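Enquirer: Each chain, written out:
There are 2 protein chains.
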Amino acid sequence: MKQITGGATAAKGFQAACTAAGIKYENRTDMAMLYSQVPCRVAGTFTTNLVKAAPVLWDRDIVKNSEYAQAVVVNAGIANACTGQEGLDYCQKTADQAAKVLGIPASAVCVASTGVIGKQLPIDRIMAGVEALAPKLADGVEAGNAAAKAIMTTDTHEKEVAVEFEVGGKTVTIGGMCKGSGMIHPNMCTMLAFVTTDLAISKELLQEALSANVKDTFNMISVDGDTSTNDTLLLMANGLAGNPEITEKGADYDAFCEALNFVNTTLAKMMAGDGEGATALFEVTVVNAETKEQAQVLAKSVICSSLTKAAIFGHDANWGRILCAMGYSGATFDPDKVDLYFESKGGKIKLIENGVALDYSEEEATKILSEPEVTAIADLKLGEAQGTAWGCDLSYDYVKINADYRS
Amino acid sequence: MKQITGGATAAKGFQAACTAAGIKYENRTDMAMLYSQVPCRVAGTFTTNLVKAAPVLWDRDIVKNSEYAQAVVVNAGIANACTGQEGLDYCQKTADQAAKVLGIPASAVCVASTGVIGKQLPIDRIMAGVEALAPKLADGVEAGNAAAKAIMTTDTHEKEVAVEFEVGGKTVTIGGMCKGSGMIHPNMCTMLAFVTTDLAISKELLQEALSANVKDTFNMISVDGDTSTNDTLLLMANGLAGNPEITEKGADYDAFCEALNFVNTTLAKMMAGDGEGATALFEVTVVNAETKEQAQVLAKSVICSSLTKAAIFGHDANWGRILCAMGYSGATFDPDKVDLYFESKGGKIKLIENGVALDYSEEEATKILSEPEVTAIADLKLGEAQGTAWGCDLSYDYVKINADYRS
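The listed protein sequences correspond, in order, to chains A and B. With this note's numbering applied, the first sequence covers 1 to 407. With this note's numbering applied, the second sequence covers 1 to 407.
None of these hints come from the bench; they were simulated from the model. Some hints could be false.
Copies of the same chain look alike in the list, so a pair counts if it works inside one copy or between any two.
Unchecked claim - Calculated lysine-lysine pairs in the DSS-like style (CA-CA distance at most 30 Å, straight line):
# : residue 1 : residue 2
1 : LYS292    : LYS203
2 : LYS119    : LYS350
3 : LYS136    : LYS345
4 : LYS93     : LYS292
Because the structure is a prediction, the values reported are computed rather than measured.
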């Protein structure tokens with residue numbers, strides 16, 4: 001497996017375009033289209049929020065019932081959530097319009113929206129946007145990058161990754177793009193992420209690989225504990241790599257899962273590190289746990305703790321808050337056995353041993369915590385499993401961004 | 001039932017004292033003692049955090065195994081949590097010292113600590129503090145108020161309440177004090193709260209009343225979602241009111257429960273409204289639910305949402321975040337039936353009907369949200385049950401307070 005430049009257009013046959021449709025923002029692109037020159041197998045995972053945005057209902061139906069998908073239309077600025085029948089009608093209209101200009105069935109067009117909840121989409125601008133997008137579709141790194149920029153809301157930078165790997169003597173490419181960066185506490189999926197590959201694989205295995213993988217990647221990040229109404233992760237595979245179709249588990253499937261895991265982990269970490277107001281990516285790894293689930297529950301509880309996040313922002317080695325967050329996680333462990341470390345490019349330091357503080361240097365701890373990527377490692381000394389979660393610090397800017405997001 | 005001035009010393013026979021022991025803070029009192037002139041029945045609820053501070057273990061043992069309690073020694077500044085055997089030994093030493101100076105058994109002395117996790121108590125100062133406290137014990141409102149001030153950490157004001165009610169022709173008094181104001185997400189109890197009454201009641205009914213009541217009061221508040229290692233709620237009843245002892249449920253027990261509910265609700269709301277950095281008390285009431293549990297789960301999910309809290313800070317009627325938080329709460333309801341209102345001293349406004357936005361005035365909504373106490377009311381239209389939760393907004397000061405709490 002080899003990382004290459006690019007994102008959602010890295011795999012063969014995938015094209016992208018973007019346009020400034022004037023949905024909410026001024027002077028920036030805010031609509032994107034992703035298109036495959038041939039029909040794709042499509043898998044997806046969606047928000048578990050009981051309040052599901054209209055595009056989530058639309059895409060879920062396509063993933064479940066359509067034979068294939070071939071395009072995705074995305075807008076930033078308005079989420080099309082809590083919009084009733086009108087919101088659902090707008091999904092249909094958007095897909096119909098894309099179907100018309102692309103010459104494909106509406107049942108092959110996924111839609112995705114992100115932004116303010118409760119406002120109706122300016123459907124005339126969306127329709128004009130779709131019409132503007134189709135002729136702009138282009139291959140290559142630049143088109144993918146521009147699309148990754150167009151789907152951002154409070155993100156500070158675009159998020160893309162791509163890798164190549166081998167299946168049956170053929171080079172297969174998988175890449176993707178995603179956006180955050182608030183209301184991020186994915187549960188079975190994440191805000192908006194689109195992963196594309198030219199792999200040939202059965203629909204069943206494509207979905208199985210994705211569903212298994214999100215548990216370790218997108219579901220292990222949190223910015224603010226708020227599971228969005230719009231979380232959508234789509235994985236499209238168009239088969240253009242020319243490999244013999246993967247129809248059963250084995251070495252080829254494993255190679256795909258490894259590449260998928262790299263892509264999803266990278267995108268998820270980018271999203272966590274670019275959380276609203278974040279100054280640092282905060283990684284928590286729990287090692288020597290009895291089970292992976294136990295390790296993941298503990299790690300996720302720590303990255304969700306407001307107090308711990310504020311301490312990370314302050315470069316303060318307030319490890320008591322980490323033990324506290326592990327304690328209320330719901331997972332069992334023995335607090336009197338726990339060792340805890342902080343690690344970053346600034347070094348590694350052991351803070352507690354068997355649940356009690358060591359006589360560590362606060363100065364060194366602060367230096368380690370002043371890096372833009374910080375890891376806490378909790379050693380449970382109970383078994384051999386481990387789990388990792390990713391979050392970010394809690395800063396003044398998180399409050400600023402969200403105190404008056406709508407205006 | 002009638003509200004009166006005072007707090008933990010309002011009921012007959014209860015005395016309090018405070019002193020500046022120099023545990024962590026300078027130029028302020030930081031230790032308090034609560035004492036009953038006669039032995040008390042004692043009930044308690046404690047943190048469900050797996051990581052339990054030493055004083056929690058000590059008090060839990062007393063509530064379970066001691067025939068009676070007669071004093072509580074409290075310190076602010078250091079939590080005596082994650083302190084191993086040394087921390088447990090310090091509870092014993094503190095209780096032994098109090099027992100000696102008060103002439104009561106150590107098994108009648110509860111201890112409570114709040115502050116930084118992981119530091120050992122300066123036990124010599126604690127011992128000197130206990131010695132200084134005993135001769136200062138005094139009846140009356142002033143002594144109770146001074147004690148309520150001494151147990152504060154990041155609280156901006158002391159928290160007290162007291163009421164009188166009648167049982168068997170006798171006037172019974174119940175009052176209490178508590179402190180917050182970060183790491184507040186009580187689960188079966190709260191940070192530190194001490195409620196005293198001169199009621200005569202069996203130990204079993206005292207505990208039963210308390211355990212039932214915390215579910216509707218202290219367990220329904222949250223400042224930051226972090227369940228502390230030190231949460232302790234003690235309820236002491238010394239029988240000096242002279243009523244016939246309550247030994248079974250009936251009108252007298254109900255009158256007590258009503259008074260207890262008023263005291264605990266008032267203290268809990270004070271704690272929520274004085275949450276770290278808070279500029280507003282944020283109340284959420286869910287009405288016309290199928291069950292009380294459903295209403296409480298939904299209400300609590302909303303007051304815990306960082307995004308909603310930031311919007312309240314910004315006086316922004318971002319109701320989509322409220323519906324979103326209800327949606328990920330885990331409770332079921334029909335989003336398409338929900339009506340939502342904001343209410344405060346500034347007025348009442350209906351924002352959404354049947355899950356979709358009305359054409360309301362943003363200006364009026366902002367006016368209503370600019371009050372120091374704001375209520376959101378969600379009408380599920382499913383049944384007749386209701387539930388309320390209390391939280392606060394998320395401000396810059398929450399981040400400021402917690403980015404470098406230890407220094």
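Enquirer: If any of the earlier hints don't hold here, list their numbers in rising order.
Expert: 3, 4
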